[in-house]
Amino acid sequence: MYQVHNSSKLSINSTINLLPELLDDLDHALLLCHCKTLKIIEYNKIFANWYTSELTEQSLDGIFDKDVVRRIKNAILKKRKYRFKIERVIGPRKEHIDFNSKLISINEQQNYLLIQGSINSTEAQLTKMIQDHSIIAVRNKKLIEKAIDKAEAANKAKSMFLASMSHELRTPMNGILGMVQQFYKTSLTAQQIDLIETIESSGDQLLAIINQVLDFSKIENNKIELHHSPTDLKELLEDVISLCSASVKSTSSIDIKSNFTEYDYPKILVDDVRLKQVLINLLNNAIKFTKQGCVELKLSRLSSFNQCCQFEFSVIDTGIGIEQEKITELFMPFTQYDSATTRSYGGTGLGLSISQELIKLMGSEIIVASTVGQGSQFSFTLSLPISKQQSTTELTQNSVEEISSLKGKVVLIVDDNNINRKIATLALDATQAKILTAINGLEAIEQFKKHSIDIILMDILMPIMDGYEATEKIRQLETTEQRTLIFALTASASNEVGEQCLAAGMDDIMLKPFKFDTLLSKINQGLTNKLAP
Amino acid sequence: MSETLYDKYGGIETFSAVVSNFYQKVLDSEDLAPYFDNVNMENLMSHQTNFISTALGGPDNYKGQDLKKVHAPYKITVPHFQEVAELLEESLDEAGVEQEDINSIITLVSSLMDQIVSSA
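Chains A and B are the protein sequences, given in the same order. The first sequence maps to residues 1 to 533 in my numbering. The second sequence maps to residues 534 to 653 in my numbering.
Derived from the structure by calculation, the hints contain no laboratory data. Be a bit skeptical, because a hint or two may be false.
To be verified - No farther apart than 27 Å at their CA atoms in a straight line, the calculated lysine-lysine pairs in the DSS-like style are these:
1. 608/B / 81/A
2. 388/A / 234/A
3. 541/B / 78/A
4. 85/A / 541/B
5. 78/A / 150/A
6. 146/A / 234/A
Claimed, not checked - Selected chain A positions facing chain B (in silico; Cβ < 8 Å):
7. 71
8. 73
9. 80
10. 83
11. 94
The C-beta atom is built at its ideal place from N, Cα and C for all residues, glycine as well.
Starting from the given sequences, assemble the full structure and let the hints guide the process.
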């Protein structure tokens, strides 16, 4: 509280010393003056903030205009309250201040005038403030929406870029890997075999990376769909082990083994391709980070209930281990254990992030337990429905049978790319099948009219007429007894392409690049199904 | 035809502000406030605005009842009437109405004293 001087005969606050502090804490301004002379006695901090000049000993005339002072005097005379409004710039803003003056009588001799002021916060004032605010909010919202649209468009462009890049990259990879496989069939020296193996494994790695990037962009766009099919888990895990073991050098001192807690498991419904992908990723990671000891892939059934089994899948290694605080980072895209990992172990840093997303899609989560220097355990549990189809009609065909069953068949290869036609031709050259080629859909139809064709390997994107249209036209030309097996051979890995192929009347899809053996067994399976409807 | 006081000071906008300011003053007065204890102030202010507007040459929108009849139950005294008149004067002054015009308005209002005051 600002006080004039001690000699002023003020008894209001002389008894309570706390009062000045209390008045300073109020959120409105206070000013006290003599009611006869209108000389200012004291005022609180807020009043001082509003009127920066020194107010002590001044008269009210010095701060309010003469009309206001005249009316204050009149109100004093009539012993009335008097209200008035003043506009004043306080800090950065022009404020409307509501004042009111009233008489305070202590006794006959001691009469004071108390003036209180507060920043106007009437409804109108508040409404204006809120209106201003809402204008800003609307403007901000528009800016945000614009930014979101832009970001979404950019993300979409990125996904499209990734998808088309993956297509563009797969086509030459098809050439490389196809030729490598063909190369094995020639007479090679030991040195050449070693060189060609290196080309093949590098090519496989590159293809895996392309697939990972594509998977990642699909996950980001919620484009991944699970396709459940009856699956033998034991078989699937053994497959994973043999695939991953193949990449381990024979000189390596690690032991890769499976651990089944039961002799036999019921067939269950699961997306076998995706489950395999996750397990391969986890197992390969474990192998990558384990120099000695063992890597174990374990399957245990936790419970069976109501045609549903709960399984736990674990990959346990005796590798370098992971520090506790780094575990969550493992699953972030493009991150690895540390940046040195990329240098010494390679990889895109997408594998675990993709695996985690896939397992989440299946309704679970990958959990990590690890001790540095001792090893890690990656595990997840899945509740999977038991397949109604338990009896297995095992078709244990070996490659010799596959080759012989194609003998004498007429195969039409349709592709606009010369190298692709060559690869497909080479893939079939041991089968003694008769090979025809066409460079677009229209030519394929011409060939179909001229020859009796058993199998067509159809590219999708071709000039003049694409694979969809050609397939539809060929299906129209067929008679009821005659149904040609048509396989799509495409580098486009999206679900839509797959669905469109089937809708056009194709029997199955092969993704380029493909392994010759897989192509042969697919064709064979198609022929078998055709014979036994 | 000379300009009416109503038009001179900005019509309905000015006088509704004057009336609202005026009633604020009336309610601030410890002596006058009790008269309005059970009164719908919004209605009253709307009536008063129309009354003053009409009196000052504005449009005749006053649909109120007979002045004497409405005020009779309140037993209004002369000093209270005078205080109200002063407050009206102050309100007009604050709205920037010239003293000369204030005087003629107050004269008009004073002429209504007989209809409003009903107690000694």
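Broken hints, numbered, in rising order? Violated hints: 3, 5, 6, 8, 11; rest satisfied.
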